[in-house]
Amino acid sequence: MTIAQAFLEALESLSGNKLRSGLTVLGIVIGVAAVISMLAVGNGAQASITGSITSIGTNLLFVFRGSPESQQGPGGGRGSGNNDRPLTLADAEAISDPFAAPSVESVAPAIQGNGVLSFGGENSSTTISGVTPDYSTVRNLELAEGEFINQEHMLGRMSVVVLGPEAADTIFGRHDGVVGETIRIENQPFRVIGVLVARGGGAFGSEDGEAYIPFTTAQARLLKRSSRDQVDILFVQATTAESVTQASDEIANILRQRHRTPIGADDFTVFTQQDFLQTFETITGVLTIFLGGIAGISLLVGGIGIMNIMLVSVTERTREIGLRKALGARRRDIVIQFLTESSLLSLIGGIIGIIFGWLISFAVGQIAAANDTAFIPIVGGDAVLLATVFSAAVGLFFGIYPANRAAGLEPVEALRYE
Amino acid sequence: MDWVIEARDLKKIYKMGEVEVEALRGVSFTIQRGEVVAIMGPSGSGKSTLMNTLGCLDRPSFGEYVLDGEAVASLSDDQLADIRNRKVGFVFQSFNLLSRQTAITNVELPLRYSTHARYLGNRRGRREQAIQSLKAVGLEDRMTHRPTELSGGQQQRVAIARAIVNNPAIIMADEPTGNLDSKVGKEIMNLLLNLNKESGTTLIIVTHDPVIAEQTQRVIRLRDGLLDGAS
Chain A
1 MTIAQAFLEA LESLSGNKLR SGLTVLGIVI GVAAVISMLA VGNGAQASIT
51 GSITSIGTNL LFVFRGSPES QQGPGGGRGS GNNDRPLTLA DAEAISDPFA
101 APSVESVAPA IQGNGVLSFG GENSSTTISG VTPDYSTVRN LELAEGEFIN
151 QEHMLGRMSV VVLGPEAADT IFGRHDGVVG ETIRIENQPF RVIGVLVARG
201 GGAFGSEDGE AYIPFTTAQA RLLKRSSRDQ VDILFVQATT AESVTQASDE
251 IANILRQRHR TPIGADDFTV FTQQDFLQTF ETITGVLTIF LGGIAGISLL
301 VGGIGIMNIM LVSVTERTRE IGLRKALGAR RRDIVIQFLT ESSLLSLIGG
351 IIGIIFGWLI SFAVGQIAAA NDTAFIPIVG GDAVLLATVF SAAVGLFFGI
401 YPANRAAGLE PVEALRYE
Chain B
1 MDWVIEARDL KKIYKMGEVE VEALRGVSFT IQRGEVVAIM GPSGSGKSTL
51 MNTLGCLDRP SFGEYVLDGE AVASLSDDQL ADIRNRKVGF VFQSFNLLSR
101 QTAITNVELP LRYSTHARYL GNRRGRREQA IQSLKAVGLE DRMTHRPTEL
151 SGGQQQRVAI ARAIVNNPAI IMADEPTGNL DSKVGKEIMN LLLNLNKESG
201 TTLIIVTHDP VIAEQTQRVI RLRDGLLDGA S
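One line per chain: the protein sequences are A and B, in this order. At position 176 of the first sequence (counting the first as 1) the number is 176 in the numbering used here, and the numbers step up by one without a gap. At position 231 of the second sequence (counting the first as 1) the number is 231 in the numbering used here, and the numbers step up by one without a gap.
Here are a few chain A residues that face chain B, going by a calculated C-beta distance under 8 Å:
1) K325
2) R330
3) R331
Derived pair list, reagent style EDC-like, types lysine to aspartate or glutamate, alpha-carbon separation capped at 20 Å:
4) B:K15 / A:E413
5) B:K11 / A:E413
6) B:K197 / B:D2
Keep in mind that the hints were calculated from the coordinates and are not lab data. These numbers were taken from a predicted model, which means no experiment stands behind them. Glycine included, each C-beta is placed from N, C-alpha and C at the ideal position.
Assemble the whole structure, with the sequences as input and the hints as a guide.
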């Protein structure tokens with residue numbers, strides 16, 4: 001009995017009971033489609049997140065107060081007061097010294113806190129950042145209209161604000177033609193001088209909903225800190241993407257000297273864009289594995305369906321098996337016959353499942369696009385390969401027991417079976 | 001003499017739970033090549049057990065059995081399968097055809113399991129042999145019909161074609177006319193006897209029917225697992 005023959009016979013046998021074969025195949029189709037689409041969604045999420053992080057610029061570094069061990073995540077160290085010395089404007093000055101830190105292009109200190117924006121009865125709670133004019137270049141901000149905070153605003157501690165497009169939408173219901181309006185932040189009047197261009201998700205989530213005011217104004221009136229020159233976070237731009245690691249080392253050295261910390265007991269954390277990328281890749285990787293795992297369970301259930309139907313088939317065809325044995329079929333011939341059938345079931349299911357999974361991924365991408373979310377599920381060759389191999393393996397594995405059961409039948413008994 | 005079957009002191013013991021049942025209690029006989037023999041006996045006499053043993057579907061518990069020069073009493077399952085494939089053609093009372101397959105595919109089935117170089121991977125060779133076999137039973141115009149499209153007599157002819165397709169040493173027919181009316185039964189008997197005459201294949205018929213037994217050259221009678229006045 002050759003494989004080609006076994007294949008043809010299996011095809012005939014399966015097509016002899018189309019409804020049953022179809023339902024069994026359906027189990028595998030759902031399993032494989034789930035695996036394919038879940039992996040695609042996971043990969044797509046990873047690509048879109050890392051993509052948006054990269055779009056911010058990979059030469060960006062963040063410096064927080066608190067040791068790396070005490071950081072719960074990006075920005076988490078802000079409140080971890082204890083004995084850690086806070087970062088100060090003087091720290092920022094020191095870091096921007098081109099001789100001490102040649103890899104640093106510019107530094108933008110900031111303090112951040114929550115506040116309520118209001119205009120004409122509309123209220124919205126959001127993040128208020130007190131920033132310096134450098135912030136715009138360091139973060140690569142673009143203005144949709146108006147201007148960004150400049151040195152004059154800083155010196156005069158002026159009550160001016162630059163809004164993210166979402167923040168403008170929330171309180172004005174639009175994000176154009178709002179320059180010159182006066183809004184209230186924590187009940188103090190602020191004049192809108194600019195609106196930023198939307199840029200979607202960032203390292204800290206979307207920054208489109210934030211409001212930016214001059215550092216000095218924030219320090220004096222809105223976000224008071226214990227000392228006048230205390231800052232929450234330093235945004236540092238490295239000269240190039242390649243010099244980020246070097247810049248990180250330089251910053252660390254300067255801060256260690258200034259804070260007089262013993263080696264290995266830093267009271268600050270330097271986080272790079274690459275660190276964020278890695279963190280998010282780890283998170284989305286786990287997410288993908290998790291989704292794929294759940295989908296894999298449905299594939300397993302499909303496999304049990306195959307085993308079930310093969311066992312029924314063996315019982316039903318006991319006489320046929322007896323006859324085949326009487327005519328000279330060896331153990332191996334019967335095993336091959338039934339294994340071919342079960343593998344064929346799962347293979348057909350696998351192929352249809354791949355097509356379905358691809359369609360589902362495509363549909364998810366379309367829905368995301370319709371909702372203005374830049375998110376494209378990615379059906380990877382590795383996922384297709386994985387699903388194919390896994391489904392074939394499922395067919396083989398769950399076919400082994402029924403096939404052996406068939407092959408182990410005694411011809412005399414099997415022929416007598418009614 | 002040219003013995004195709006030599007059975008010496010065959011015993012078969014079945015264990016049914018705690019109880020041992022002796023279906024064959026020491027049966028010895030020989031059958032010559034080309035002979036037509038009937039095996040008769042009331043139910044429970046060990047007739048089926050003897051047929052299964054002679055057809056290599058089962059091994060005797062004790063004793064020796066030589067089929068066409070090969071001692072088969074102690075062969076493995078796969079070796080027995082090979083012996084059945086090469087040396088035994090079965091004709092069953094209920095035909096036992098694969099209902100979804102055409103006549104020619106049914107006849108081809110033993111060749112698919114053949115390890116003979118002539119048929120291994122040789123589709124055309126198998127098909128030709130199957131056509132020859134169907135011609136020998138007079139069904140050349142029904143080759144692509146399925147069993148459900150054939151009469152009982154025609155189905156049994158297909159089964160006979162399947163039995164002779166691999167030129168076996170013996171044909172084991174178990175009540176071959178049991179499911180047929182007497183007229184068709186007679187035709188099937190004549191076909192079997194003619195095949196025996198033309199090709200000299202040994203024919204062993206297990207039957208209740210004395211009319212059929214009369215047409216054979218010799219009757220082996222069994223009673224309670226022993227030979228009953230064999231002649």
